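Trainee: Each chain, letter by letter, is given below.
Number of protein chains: 2
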Amino acid sequence: MKIGIFGTGMVGKSLADKLFELEHDVMIGTRDIAKTLYRSDGDIYGGPPFKEWIRERPHIQLGTFADAAKYGELLINALSGSGSLPALKKAGKANMRGKVLIDVSNPLDFSTGMPPTLFVSNTDSLGEKIQRELPRVKVVKTLNTMNAYLMVNPELVPGEHNVFLCGNDEEAKKTVKKLLRKFGWKEKLMIDLGDITGARTTEMLLPIWLRLWGKLQHPMFNFNVVVGRKG
Amino acid sequence: MKIGIFGTGMVGKSLADKLFELEHDVMIGTRDIAKTLYRSDGDIYGGPPFKEWIRERPHIQLGTFADAAKYGELLINALSGSGSLPALKKAGKANMRGKVLIDVSNPLDFSTGMPPTLFVSNTDSLGEKIQRELPRVKVVKTLNTMNAYLMVNPELVPGEHNVFLCGNDEEAKKTVKKLLRKFGWKEKLMIDLGDITGARTTEMLLPIWLRLWGKLQHPMFNFNVVVGRKG
Numbered sequence: 001m002k003i004g005i006f007g008t009g010m011v012g013k014s015l016a017d018k019l020f021e022l023e024h025d026v027m028i029g030t031r032d033i034a035k036t037l038y039r040s041d042g043d044i045y046g047g048p049p050f051k052e053w054i055r056e057r058p059h060i061q062l063g064t065f066a067d068a069a070k071y072g073e074l075l076i077n078a079l080s081g082s083g084s085l086p087a088l089k090k091a092g093k094a095n096m097r098g099k100v101l102i103d104v105s106n107p108l109d110f111s112t113g114m115p116p117t118l119f120v121s122n123t124d125s126l127g128e129k130i131q132r133e134l135p136r137v138k139v140v141k142t143l144n145t146m147n148a149y150l151m152v153n154p155e156l157v158p159g160e161h162n163v164f165l166c167g168n169d170e171e172a173k174k175t176v177k178k179l180l181r182k183f184g185w186k187e188k189l190m191i192d193l194g195d196i197t198g199a200r201t202t203e204m205l206l207p208i209w210l211r212l213w214g215k216l217q218h219p220m221f222n223f224n225v226v227v228g229r230k231g
Numbered sequence: 001m002k003i004g005i006f007g008t009g010m011v012g013k014s015l016a017d018k019l020f021e022l023e024h025d026v027m028i029g030t031r032d033i034a035k036t037l038y039r040s041d042g043d044i045y046g047g048p049p050f051k052e053w054i055r056e057r058p059h060i061q062l063g064t065f066a067d068a069a070k071y072g073e074l075l076i077n078a079l080s081g082s083g084s085l086p087a088l089k090k091a092g093k094a095n096m097r098g099k100v101l102i103d104v105s106n107p108l109d110f111s112t113g114m115p116p117t118l119f120v121s122n123t124d125s126l127g128e129k130i131q132r133e134l135p136r137v138k139v140v141k142t143l144n145t146m147n148a149y150l151m152v153n154p155e156l157v158p159g160e161h162n163v164f165l166c167g168n169d170e171e172a173k174k175t176v177k178k179l180l181r182k183f184g185w186k187e188k189l190m191i192d193l194g195d196i197t198g199a200r201t202t203e204m205l206l207p208i209w210l211r212l213w214g215k216l217q218h219p220m221f222n223f224n225v226v227v228g229r230k231g
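As you go down the protein sequences, you meet chains A and B in turn.
1 is the number of the first residue of the first sequence in the numbering used here; add one for each residue after it.
1 is the number of the first residue of the second sequence in the numbering used here; add one for each residue after it.
To be clear, the hints were calculated from the coordinates, so they are not data collected in a lab.
Quick caveat, the model's predicted, so the values are computed rather than measured.
Treat the hints with care, since some could be wrong.
Here are the computed lysine-lysine pairs in the DSS-like style, where the Cα-Cα straight-line distance is at most 25 Å [claimed, not checked]: (1) A:89 with A:230; (2) B:178 with A:230; (3) A:230 with B:215; (4) A:174 with B:215.
With the sequences and hints as input, model every part of the structure.
Mentor: Given below as structure tokens:
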């Protein structure tokens, strides 16, 4: 399947590598191709600049947001929270109409220092904002509660732990679950939180996620919902 | 030890029973004793009205908020979120000065229908508001991420799962950990999230907790943070 990924950060790269390994055709979309290929800063995990990363991967295409939106039969938003809505507007509604958009982003607000807060929460969410902006797109929020490596390799954390998903379209969620299975997620560890308003509940996990990261000094952990007997 | 509990709901009652079982002396504080003993509505789990519950427990005292505040060497806020600050004001700062106050409440706002949202979140929390209101009290936020029965009996959910705590005073947290151990929580399953600002991160678990409750149709579950290797 042809997959368009918005975002050239850790999450976009990690998903792109995994999707190519799974024999999908991948195009990464960025705001300005020239600028993206000019930047020489590495990523936060000590990886090389994007231009080197993409040079080593001739099988992965690079385009504008609109190119990736047109190209993908399935789309993934792997942008920063603040970058998501402007980028998706640039990508063009017509290019995305009717497609599934996996939203992995989180509404992190770094403007008031560390740790970041959320620029939308509680009574709304970034997932919902994206769905409202793109009513003809089938937004599925998932994978936003863990680090980029764990998303595509759940075995990096041993034992049972969950991936949450939510969205308004049942067929779209089935498509996403199929992909999650390919990433290594067992069906019984996927928790469907219902419609897209569930996005506010998973985005609101970020504050405790960030605090645990600070405490553990590494991001290789995940949440498991342990269920007892009704009563 | 003498323990004062604010609140006559499920959480207050569950904690009172357990603390008595652990040979503590317990006084429950309420806004208006006469009204509390007049009410004939049961609790949400089908339990009897408070007046019947307390009649069966002559060993548990009932007083005003101020009585319970004076009585307790250790205090517990088991009130509703919206009731917490007004009640703690009534309890009287002088009665609480220097004491440990375990805050189990959540800032749930039912005013806009179900599911409730949070009336404070993201950049502040109810735990922090209480600490600011009572600067001479050692507030420890804990147990607010699970149902009342599980708080005092972690084995109701099998396997490993966590209780979070946070607060500004290290000695107070040690006191609370000791109590949590008596409730059945293993030390290694307690996660200290640091100072009282951690309260916003656990209070923000409520939205997903409530959604999981709706999905599972029962509240007997808990979160476990599963940790992998650093790298």
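Trainee: Each of the hints needs a verdict: does it hold here or not?
Mentor: Tested hints:
1. Of the supplied pair hints, the one linking residue 89 (chain A) and residue 230 (chain A) is violated, its CA atoms being roughly 45 Å apart against a limit of 25 Å.
2. A hinted pair counts as satisfied when its Cα atoms are at most 25 Å apart, and residue 178 (chain B) with residue 230 (chain A) does not qualify at roughly 29 Å.
3. At roughly 12 Å between alpha-carbon atoms, residue 230 (chain A) and residue 215 (chain B) fall within 25 Å of each other, so this suggested pair holds.
4. Pair hint residue 174 (chain A) plus residue 215 (chain B) holds up; C-alpha atoms about 18 Å apart against a cutoff of 25 Å.
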